[in-house]
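Top to bottom, those sequences are chains A and B.
Going by my numbering, 323 is the number at position 323 of the first sequence; the sequence numbering is gapless.
Going by my numbering, 1 is the number at position 1 of the second sequence; the sequence numbering is gapless.
Be aware that a few hints might be false.
Identical copies go unnamed one by one, so any copy, or any two together, can satisfy a pair.
20 angstroms max Cα-Cα, derived EDC-like pairs, lysine to aspartate or glutamate [stated by the list, open to error]:
| # | residue 1 | residue 2 |
| --- | --- | --- |
| 1 | 31 | 64 |
| 2 | 16 | 2 |
| 3 | 235 | 2 |
| 4 | 259 | 238 |
| 5 | 259 | 178 |
| 6 | 16 | 54 |
| 7 | 309 | 225 |
| 8 | 59 | 21 |
| 9 | 88 | 116 |
| 10 | 309 | 325 |
| 11 | 377 | 325 |
Read the hints as simulated data drawn from the structure, not as lab findings.
Small disclaimer: the values here were computed from a predicted structure and weren't measured.
There are 2 protein chains.
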Amino acid sequence: MENFSFYNPTKILFGKGVISELGLSLKKYGKKVLFVYGQGSIKQNGIYQQVVSELNQNKIEFVEFSGIRPNPIIEDVYEAITLGKLEKVDVILAVGGGSVIDSAKMIASGIPVTEDVWNYFTETSTPSKTLPLLTILTLAATGSEMNSFAVIQNNNTLQKIGFGHPLLFPKESFLDPEYTFSVSKHQTACGIADIIAHCLEYWFGNGSSPLIDAFIISIIHEIKEISIPLLNDLKNYDLRSRMLLASTLSLNGVTSMGKTSADWGAHNIGHSLSVMYDISHGESLSIVYPAWLKTIPKQNDERLILFSKYLFIAPTIEESISSFETFLKDIGLSINLSQLDLLSEEKPNIIHRLIINNTNGLKYEINNEDITNITCKML
Amino acid sequence: MENFSFYNPTKILFGKGVISELGLSLKKYGKKVLFVYGQGSIKQNGIYQQVVSELNQNKIEFVEFSGIRPNPIIEDVYEAITLGKLEKVDVILAVGGGSVIDSAKMIASGIPVTEDVWNYFTETSTPSKTLPLLTILTLAATGSEMNSFAVIQNNNTLQKIGFGHPLLFPKESFLDPEYTFSVSKHQTACGIADIIAHCLEYWFGNGSSPLIDAFIISIIHEIKEISIPLLNDLKNYDLRSRMLLASTLSLNGVTSMGKTSADWGAHNIGHSLSVMYDISHGESLSIVYPAWLKTIPKQNDERLILFSKYLFIAPTIEESISSFETFLKDIGLSINLSQLDLLSEEKPNIIHRLIINNTNGLKYEINNEDITNITCKML
Numbered sequence: 001m002e003n004f005s006f007y008n009p010t011k012i013l014f015g016k017g018v019i020s021e022l023g024l025s026l027k028k029y030g031k032k033v034l035f036v037y038g039q040g041s042i043k044q045n046g047i048y049q050q051v052v053s054e055l056n057q058n059k060i061e062f063v064e065f066s067g068i069r070p071n072p073i074i075e076d077v078y079e080a081i082t083l084g085k086l087e088k089v090d091v092i093l094a095v096g097g098g099s100v101i102d103s104a105k106m107i108a109s110g111i112p113v114t115e116d117v118w119n120y121f122t123e124t125s126t127p128s129k130t131l132p133l134l135t136i137l138t139l140a141a142t143g144s145e146m147n148s149f150a151v152i153q154n155n156n157t158l159q160k161i162g163f164g165h166p167l168l169f170p171k172e173s174f175l176d177p178e179y180t181f182s183v184s185k186h187q188t189a190c191g192i193a194d195i196i197a198h199c200l201e202y203w204f205g206n207g208s209s210p211l212i213d214a215f216i217i218s219i220i221h222e223i224k225e226i227s228i229p230l231l232n233d234l235k236n237y238d239l240r241s242r243m244l245l246a247s248t249l250s251l252n253g254v255t256s257m258g259k260t261s262a263d264w265g266a267h268n269i270g271h272s273l274s275v276m277y278d279i280s281h282g283e284s285l286s287i288v289y290p291a292w293l294k295t296i297p298k299q300n301d302e303r304l305i306l307f308s309k310y311l312f313i314a315p316t317i318e319e320s321i322s323s324f325e326t327f328l329k330d331i332g333l334s335i336n337l338s339q340l341d342l343l344s345e346e347k348p349n350i351i352h353r354l355i356i357n358n359t360n361g362l363k364y365e366i367n368n369e370d371i372t373n374i375t376c377k378m379l
Numbered sequence: 001m002e003n004f005s006f007y008n009p010t011k012i013l014f015g016k017g018v019i020s021e022l023g024l025s026l027k028k029y030g031k032k033v034l035f036v037y038g039q040g041s042i043k044q045n046g047i048y049q050q051v052v053s054e055l056n057q058n059k060i061e062f063v064e065f066s067g068i069r070p071n072p073i074i075e076d077v078y079e080a081i082t083l084g085k086l087e088k089v090d091v092i093l094a095v096g097g098g099s100v101i102d103s104a105k106m107i108a109s110g111i112p113v114t115e116d117v118w119n120y121f122t123e124t125s126t127p128s129k130t131l132p133l134l135t136i137l138t139l140a141a142t143g144s145e146m147n148s149f150a151v152i153q154n155n156n157t158l159q160k161i162g163f164g165h166p167l168l169f170p171k172e173s174f175l176d177p178e179y180t181f182s183v184s185k186h187q188t189a190c191g192i193a194d195i196i197a198h199c200l201e202y203w204f205g206n207g208s209s210p211l212i213d214a215f216i217i218s219i220i221h222e223i224k225e226i227s228i229p230l231l232n233d234l235k236n237y238d239l240r241s242r243m244l245l246a247s248t249l250s251l252n253g254v255t256s257m258g259k260t261s262a263d264w265g266a267h268n269i270g271h272s273l274s275v276m277y278d279i280s281h282g283e284s285l286s287i288v289y290p291a292w293l294k295t296i297p298k299q300n301d302e303r304l305i306l307f308s309k310y311l312f313i314a315p316t317i318e319e320s321i322s323s324f325e326t327f328l329k330d331i332g333l334s335i336n337l338s339q340l341d342l343l344s345e346e347k348p349n350i351i352h353r354l355i356i357n358n359t360n361g362l363k364y365e366i367n368n369e370d371i372t373n374i375t376c377k378m379l
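Throw the hints in and build the complete structure from the sequences for me.
Pasting the structure below:
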């Protein structure tokens, strides 16, 4: 087992009706709230009204910032920071999925400083303080509600980068499975792909930690067990709660205990695809992962052998990857880019872009030839 | 799944040599340290010298309080509180196992107030503040290094009671598997019994949480896999680190996610036995648990059926309990009180004492007749 440190101070309030504790929680952290949300779905499903009612009942002053996109962009973060400074807010409330929460983390980091928060992503600076952040989750997928990571897209530089810092942990996150009832079948499937991807990142990371491997196996099997029943019964409380818990546990740090690193190679390629074609994050992972698995060295690779022994169980690695593809198709996701009707001349552009954004320092290093192979397998 | 909340802000530094970060950590929290430890084993195995050297190198002022007993008593806690107040310490460093860390939690709670901390155990008062606590673990067993619980014995009232409060979380805990190398074979086995007991408490608690059940199964199987090899090779780094991680994860709150309660019925009986006969905590659990399992209602009890299906796997519940007993004997622990050479007239006294200390409100309520049955099975 490798040396590691673990720290996760986020308080989770999980279950039906936990929003009734929101007012009390917010008052612990500030007097004026910046209420951040996405493109309005919370107004259709009634969550917006419940949040506003809870804020009003507790006489909490707030201003709203809405319009965060599914692939969140830094321009929206800048705009919200400007509003937050102007309005002198002292606590952030994010209501949404990973895109809203990730944006809110950076908004919370930007309001109390003069620094450009994009510098944190490019590693030219690190945060020194943040405003307290509380979140209400409406989509089980990214795990952002209980971690210190944010992923934001920059359309000027055509980058989508992840960044992590202990100051980014939300103070409290409210996880009501009923708040995920209105997530569409497709978006639920995308969430499932994201959860599995997080598990695979740590599965294919460096370091040996048998108990944590067993936890990862448990999460993958839990997800496999609930996926089809949930997709056929989207308002099933028990299945929604099981997906929500699996999602939070797949990226809150527990699955990295005893490991030195995760392998984010496939995930990063997914981010690049999202920037280029606005493919939803979960579906981009569904497209990339099988191609990535087929490309990394297979011969005697212990983690791939264990993948076929414990995760997508099959006699050979090839059949195991195929079983993973079948699972992704069964939940309604694409496993290649065929739906984009790409012209043949676009292929070199995709390869070029993926090579530019490729990251090093992973367990399975991906060179330019690998990128070309992965792209061919995704088309 | 049941509503739950989860909060655990303790930072874990895990691995070989992590003590080199101790000085920096302590300086974040205070200027004068109360260094709390047990009955001197840390002087024999060299840990004391390493801690003192780290404190001196970082020019950190400290006073020592030693002599905490394996079954820690409130009188020692009072004495350390008096010393800490006199010396105006502002941070506590606990070096030891659960008994030292539990005591240190109460010492940290007692120094900044005038309240008698025993009132917290009897629920006549709750803590309002504590001093920051850092811990260096030397024994994998209780999980105290990453939870908010403390168990202390009161020889005046003949009680051994557990108490939990969010203020009791250590700020940081240093978990170096090498620091557990000198734990004896017997004490290592006791730690194993304690870890399994913690798993069983949540296994037999209220509420259904399938993923967490899978985590508990994983911990039990991890412990079963490493126990005999570790007991035959006490300085094996990999096995010690696996035991340490399993121990921390078995009582840091993760195994209670989605459940409303654990069942501490057997654990509490173990505490009573420790008070009466100074049996080590782990061995008391080894004696109580099989008797408890044989006494709680077996017919169609789902959790017992699943116990035999997934934990100590056997075709029937009876054979499964028997397999658990075999495991405990194989690791060298007693499964009854025969070693005490009890006189026949002591039996009613044991029953009387267990009945007095019996706690209600558990999933499996234990009445006076059950206590009598359990006692007969333990003799």
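Tested hints:
1. 31 to 64: Within. Shortest intra-copy distance 14 angstroms satisfies the 20 angstroms Cα cut-off; inter-copy 44 angstroms does not.
2. 16 to 2: So residue 16 and residue 2 pass the 20 angstroms test across copies only (9 angstroms; inside, 39 angstroms).
3. 235 to 2: between (41 angstroms within a copy, 17 angstroms between copies)
4. 259 to 238: between (32 angstroms within a copy, 13 angstroms between copies)
5. 259 to 178: between (34 angstroms within a copy, 18 angstroms between copies)
6. 16 to 54: within (15 angstroms within a copy, 49 angstroms between copies)
7. 309 to 225: both (17 angstroms within a copy, 18 angstroms between copies)
8. 59 to 21: within (14 angstroms within a copy, 45 angstroms between copies)
9. 88 to 116: within (18 angstroms within a copy, 44 angstroms between copies)
10. 309 to 325: So residue 309 and residue 325 pass the 20 angstroms test inside one copy only (16 angstroms; across, 31 angstroms).
11. 377 to 325: For residue 377 and residue 325, only the intra-copy Cα distance (12 angstroms) is at most 20 angstroms; the inter-copy one is 54 angstroms.
This entry satisfies every hint, going by the numbered hints stated previously.
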